[in-house]
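**Q** Position chain A relative to chain G; hints supplied.
Protein chains: 2
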Amino acid sequence: MELSEIYAPVQQDLNRVRDTLRSISRIEYTWLAEQLSYLVKETGKGIRPALTLLSGRSYNYNLDYLLPMAVSVELMHTATLVHDDAIDKALKRRGQATINSIWGNEIAVLMGDYLFAKAGEFVAETQTPRVIKLFSQTLGTISSGEINQFRGAFNLNQTREDYFRRIYGKTASLFSLATQSGAILAQAPEPAVASLKEYGDNLGIAFQIVDDILDFTSTEEALGKPVGSDLTQGTLTLPSMLLIERYGDDNPVKKIFRTHSQKNLAEAIQMVLNSSIIPDCYKIASEYCEKACRNLDSILDTASRRALYGLAEYVSRQGT
Amino acid sequence: MELSEIYAPVQQDLNRVRDTLRSISRIEYTWLAEQLSYLVKETGKGIRPALTLLSGRSYNYNLDYLLPMAVSVELMHTATLVHDDAIDKALKRRGQATINSIWGNEIAVLMGDYLFAKAGEFVAETQTPRVIKLFSQTLGTISSGEINQFRGAFNLNQTREDYFRRIYGKTASLFSLATQSGAILAQAPEPAVASLKEYGDNLGIAFQIVDDILDFTSTEEALGKPVGSDLTQGTLTLPSMLLIERYGDDNPVKKIFRTHSQKNLAEAIQMVLNSSIIPDCYKIASEYCEKACRNLDSILDTASRRALYGLAEYVSRQGT
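Protein sequence lines correspond, in order, to chains G and A.
FYI, in this note's numbering the residues of the first sequence are 1 to 320.
FYI, in this note's numbering the residues of the second sequence are 1001 to 1320.
No lab work stands behind these hints: they were computed from the structure.
Do not take every clue at face value.
To be verified - On the chain A side, residues computed to face chain G include the following (Cβ under 7 angstroms):
hint, residue
1, L1032
2, I1087
3, E1106
4, D1113
5, F1116
6, A1117
7, G1120
8, P1129
9, S1136
10, G1140
11, F1150
To be verified - Simulated pairs of lysine-lysine, BS3-like, Cα-Cα distance not exceeding 25 angstroms:
hint, chain 1, residue 1, chain 2, residue 2
12, G, K45, G, K89
13, G, K41, G, K92
14, G, K41, G, K89
15, G, K92, G, K225
16, A, K1133, G, K133
17, G, K89, A, K1089
Even for Gly, the Cβ is constructed at its ideal location relative to N, Cα and C.
In isolation and in its complexed conformation, chain G is listed as follows (with noise of 0.2 angstroms):
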């Protein structure tokens, strides 16, 4: 299944959270108006927009409540991704400048402050505490785990789990926020909600690793930024974690830790291409898709649910 089919179900209302996304930039002030529209213009492939809908599409579909929340997600979502290239110093984030690159950190921190609050605001017309609630917690779970991130740059003596609470904290916590608040506001029983939130824990895990395997297997045109970025930046994937499980010492990976410099970056891209290690971390995320599957095991059968495995498999296949 590509994209359009796995949408299908929401693809009307897809649509209508794009318009509201660009509607942002009305506002009062010229230059800040300039700037919104420059961030809302590439959206990516809202994916976490389309797993509200998605999650929400099985009971009860009230769009007054799904559609504020699918904006709120993303624009969550953006504002971080701005506060983050400002913190790498990024210049390009889905083939276009970044803000921090055309304007400074310091508009990009602001931007991003600016975007939160937006976020809230849609949030707050899900009128629903409970949601409301989990959508804050997952805000602190985010900036709390970049901030080990942050700190843990350029650290080998990270383990495989400190990666995948790494990976919880800066992803899987945001698809699952999407999920979850999804099907609060759909009123689903509780064990549905309960399933959809684990199903966006394990997709969102699986979706960072892929995400971690293409910044070596993909191209600066395909990424929309330079390949090995990562690396140039100290964050250890589980790529180049395996590459140091399995090649002891005399370790490109190690070298650019150690000396900060990325002299060694087209050898350890290299290395890691010429090894089984893709094929093997592509099995580690066809794991956490199959979990997610299973997670939606005991979800009504419907159009919306056939999408989310569509998703899951559209995920764990990306970049073969």
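**A** Showing chain A alone in chain G's frame:
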């Protein structure tokens, strides 16, 4: 009236607010816990949480809602200060080294995000969508206001209207969130909610004018940061605007803004102090305090209303 007397009707509950603020540093990540405890140990005068509690005190004083709200406004305030200091590269705040000066800008950005998240969790505990929406709108007002301040730095072409809009955004909007939410959560009648909102607006404007005066008249020890910081950062405040209005072209503020140098800082401060500018600024601040007091006319005559009067009077004479 001194602060201790003003706070008396809610002092016990303000202590609980302080204890709750301190408790947020009791978290899993040891390192983050340390930074948070550094941040919340020195919490300033606590005017914002006091405003929430005092505004609710005349009505249905339900601490289940008012306490988390008071914690939330203080956390939002702290988060914006952490981001502001990172943006301004400020070294000192409340007499102690800033987060950015100790741990770097990256940590300061993420720490601010974490505090916004915590503020969001507390406001969610009020279970009141109207207040949660106001909370998010206020964060939007503050951050878009900060964007404008940053963009307007070292710009001499600013009107008094620009100044009042700016200080409404950066200070008064949070004061009126504090008062308005206190009134709403205590189920005050709508006219009282509106009056307390306006009280917050007017008190906040006065508070910021006096804060801007103190940047000229106070000492580094009392301010907890260097004197003249606003001019150093290119922020035009009421005293420096009046200096430009009154002393034509050969003006030290213009020189500071044109050269981005601090060479003329002492001269600018001295010129302000030798003129009638400071008393004139106090007069304007007092007018806002008087407006704030008039906003209380329709409020039930209780100990907490008298405290809010006292607070307006306290603000107007700070530094005199």
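**Q** Hint by hint, where does the structure go against what was stated? Just the numbers, ascending.
**A** Failing hints: none at all.
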